[in-house]
Amino acid sequence: MNQKKKLSLILFSGEYDKAMAALILANSARQMDITVNIFFAFWGLCLLRDPEKMSLEDKTAFEKMFSIVAPTGPEDLPLSKMNMAGIGKAMLKEMMEDHDAPELSDFLKGAQKKGVKFFACKLSLEVMGFKLEEMLPEVKILTAKEYLKDALEANIQLFI
Amino acid sequence: MNQKKKLSLILFSGEYDKAMAALILANSARQMDITVNIFFAFWGLCLLRDPEKMSLEDKTAFEKMFSIVAPTGPEDLPLSKMNMAGIGKAMLKEMMEDHDAPELSDFLKGAQKKGVKFFACKLSLEVMGFKLEEMLPEVKILTAKEYLKDALEANIQLFI
Amino acid sequence: MNQKKKLSLILFSGEYDKAMAALILANSARQMDITVNIFFAFWGLCLLRDPEKMSLEDKTAFEKMFSIVAPTGPEDLPLSKMNMAGIGKAMLKEMMEDHDAPELSDFLKGAQKKGVKFFACKLSLEVMGFKLEEMLPEVKILTAKEYLKDALEANIQLFI
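Chains as they are written, first to last, in the numbering used here: chain A, 1 to 160; chain B, 161 to 320; chain C, 321 to 480.
One should not assume that every hint holds.
[What the hints assert, rightly or not] Derived DSSO-like pairs: lysine-lysine, alpha-carbon spacing no greater than 30 Å straight-line: (1) C:Lys-324 <-> A:Lys-122; (2) B:Lys-305 <-> A:Lys-89; (3) C:Lys-469 <-> A:Lys-122; (4) B:Lys-274 <-> C:Lys-469; (5) B:Lys-300 <-> A:Lys-5.
Calculated directly from the structure, the hints in this document are not laboratory data.
Turn these sequences into a full structure, and let the hints guide you.
What follows is the structure, encoded as structure tokens:
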């Protein structure tokens, strides 16, 4: 019954806790055989950055600065609340460990393994000066129109 | 016609104004005979904390610290913007009073009276170290999968 | 096929980047002949404020203060992340210029030209002390119930 159901997420936020919420929903949906497409836009793109592939080549001065100050990869994201210079995040991660909850990067890898499709917003990539080569493998570029076309066919659409 | 319509909200944010937006939508929907289920996750759980039931028993050191620094109940939530150490919120509350608009805690009680169902995200409760006994009465625990199953049947799904 | 499709957005956030995301989705949808209604609530109303029509008449002391400190119009909005006293926003705008991407105010005018309908949340207007006369032309007032009635008929509903 659920095989044809689809969950469409826009991950706009580049925050540890919001990304975790998105990935928990995505992974849970895949366990229910729901198709899941995540459209990473703006700060959400920071989640897809591969820390080992970061490059400053072919970038303008602003793009270089931005590349350096923007978070690189899942574990580098701040909390949306109570970040308190990283203390809140350290606390949250400790509490997650106490409950054997996986880290954000585990959720991310798990999502790709479970078949969640990752899409990077074309315009956001350009504006933020990120290149597809700096991102995780298997990420595809999508325009806003292509996102909308896909989201129209989804049963649940969320902006996170 | 609207009797079978359903509104499904995830309240992830622990902010006064966002919680107010969620509850205004929920209460308005109930007045239109729309079924409303709110799934409180992460910071959204702070809204459900009963200030008089807060407990530090059976909690790890981190959970105790977290229990103390996280907002306790609706009136303790900060604004998402212009909070300015509480001044912005005081202004907003003054302006609401001038217009006889109820406070957030009134919206919350009103929602429960009107039949809005409150659900606490199971994983969030565990990670944040909150216990169901510390929450408002009539809150039930729900897993992410149960949320998704319910949201699939809703006509409107929002992530707030 | 898409002519009868509808996109319903709540723009709650008063942030430059989130407003841009909302307007890019809205404009892209209009190019696909999708009907688009945006319901501006709380901080989202700041986007509709016409800098040349700001007025302090018939306002309480709090409303006057609020009118002055709240952002006036699209270019006055802060970034949701890395605003860094405006430096982050300046960088983002520079990078957008490098890519010939239009500014937020262009997206806003473009949306109205393309037939995106703008609605201001009635309760938010009252609470924040803004008046319809201070807003862009062609903005209509809508209650939360009217929003819900409209959103029930939409194919995609997002809270931004």
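So, going through the hints one by one against the coordinates:
1. C:Lys-324 <-> A:Lys-122: With a Cα-Cα distance of about 26 Å, the restraint between C:Lys-324 and A:Lys-122 holds, given a limit of 30 Å.
2. B:Lys-305 <-> A:Lys-89: 25 Å, holds
3. C:Lys-469 <-> A:Lys-122: It is violated: about 33 Å lies between the C-alpha atoms, which goes past 30 Å.
4. B:Lys-274 <-> C:Lys-469: 18 Å, holds
5. B:Lys-300 <-> A:Lys-5: Given that 30 Å is the threshold and the Cα spacing comes to 26 Å, the pair holds.
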